[in-house]
Structures are given as C-alpha cells and as structure tokens.
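**Q** In order, the protein sequences belong to chains A and B. Per the working numbering, the first sequence starts with residue 2, numbered consecutively. Per the working numbering, the second sequence starts with residue 6, numbered consecutively.
Any given hint could turn out to be false.
Here chain A is said to cover these stretches of chain B; the calculated rule only asks that three of the stretch's residues, wherever they fall, bring their Cβ under 8 Å from a Cβ of chain A [what the hints assert, rightly or not]: (1) 49 to 55; (2) 73 to 82; (3) 115 to 125.
Some chain B residues flagged as far from chain A (calculated, every beta-carbon gap over 10 Å) [stated by the list, open to error]: (4) Leu66; (5) Phe91; (6) Asn93; (7) Gln100; (8) Trp103; (9) Gln105; (10) Met106; (11) Leu107; (12) Ala110; (13) Gly111.
If you want the ones that stay clear, here's a sample from chain A, every Cβ over 12 Å from chain B, calculated [to be verified]: (14) Ile65; (15) Ile72; (16) His94; (17) His95; (18) Arg99.
No wet-lab data here; the hints were simulated from the structure. Where a beta carbon is used, it is the ideal one built from N, C-alpha and C, also for glycine.
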Amino acid sequence: MARNLYGSRTQPNGSMELLAWYFMRISGIVLLLMAVTHFAIMHIFRDSQTIDYAWVAARFSSPIWRTYDIILLFLAMIHGMNGVRYVVDDYIHHQGLRVLALSVLYTISLTLLIYGMVGILTFTPQLQSF
Amino acid sequence: MFEEIRYKGREGMLAWALHRFTGLGVFFFLLIHILEMSMMGYSPEAYNKALALYHNDFFRLMEFALGMTVLFHALNGTRIVLMDFFDNLMVYHRQMFWVQMLVFAGMALPAAYIMLSPIISK
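One chain only, chain A, in its complex shape (with noise of 0.2 Å):
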C-alpha cells in the first residue's frame, strides 16, 4: 500500500482498491452523521438503560426507522470489514494465514451483515406476556 510523507494511505491505482478507498471515505463521512446521532438517540437523549422490548419493537413499527438501520448496518459492516483487510495486509504477510484470516473475516462479516438485515427486515412484533 502506497504511503505519502505522512504515512497515510495515497488515493490507489487498481479499480476495486481505489473503489474501497472511495468507499472509506464517503461511507465515513455518512457513518460520521448516522452512527453519532444514532449513538446520541440510544444514548444522550435518553437513559439507555431504559431501553426493551416493547420500545424497540415501537421503534421498528416505522419503516424510517427500519430503513435508517439497514443503511447504518450495511455501512458499517463494510466499513469495519474493509479496515479490518487493512489491519490483516498490514500484519500477516504470510500468504496462506492471511488468506484464512481474510476468509474468516468476510466470512463472519457478510454472514453477521444479512442476518442483521434479515432480522430488520422480518421484525414482527409479538405480545409480550407479563
């Protein structure tokens, strides 16, 4: 990975590695609104110890809502995934590990990234039974 005078990683060359640079930068600038504010919704605005069942369920029976955290999930996910390939390129260099551990990763990510989708996606409330 090609470095400038202060270490950071240059804008690349190859199509897919310049796509991910892209990818980092304007996903990071969504994720920046999206991931603090939603932080600030669960967090600053309210006790999150609060939080439930019935809240969210609440909560999903908006399709904003539901919409806003398939966006969140998907960015982060890809976001995470892609700077945890960093992190692997940057430290194993012997090729078979890190292509196990690249293997594990993507595995573990997408499987995680269409469950959580999934899961929002199909949220049906139930009666809660006190």
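Assemble the complex: chain A is given as a structure, and chain B must be docked to it using the hints.
**A** Showing chain B alone in chain A's frame:
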C-alpha cells in the same frame, strides 16, 4: 525515505494507532450488537434477557467508552478525509489533531456528565 518516517511517533502515529484500535473496537462491538439485537426476532423475553446484561453500572461505563471510541474514530476520520481531499492541509496535520482533540473534549465532557451521573447519584 518514506518508509523510515512512517513510524516517527508523536501526534501522527498516536492518531494512527488510536484510529486502528478504535476501529477494531467498534467493529467488534458491531458483531455483538447484531447478535444481541437478533434476540428481538425470537421473543420479548429473550431480548429483555439479553439487554439485562447491559443494565448495570459496569455497562454504563462501557457504553460511555463505546461512545468515546466512536467519537474519536469519527473525528479522526474526518481529519483524514479533509487531508486527503485538500492536499495543503497535510502540512498542518499536527495542529489539526489538537483542534480535533479540543472538539473531542468539548463533546466528551457533556456526554460524560449525562451518561455517568446516574452511577454517581446512586
């Protein structure tokens, strides 16, 4: 020559190392967060049971740590994006780091007051 100054230390390296640690930390939390949220699909009891793990003072502290981790990563990422798209700013990366830390402190202190006072007021 570029390789030699890659790990020269000071603010640049500190910011780089913290960006990496905070990024890995948030990614790890995201994996747990998906698993805990997936309990919503099983039953109200399962979800409330999963949340009960978070409902104590230790996790108040951990949630605050999570917030600060996200905040640092977000602000430092903004600095990286600004330097990437406006080349001339790179010269001031050190000054920008300290401005970023001032913004961080400005947001962290009220967040600490709001998020941690329930622990103290007990």
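**Q** Which earlier hints can't be squared with this structure?
**A** none
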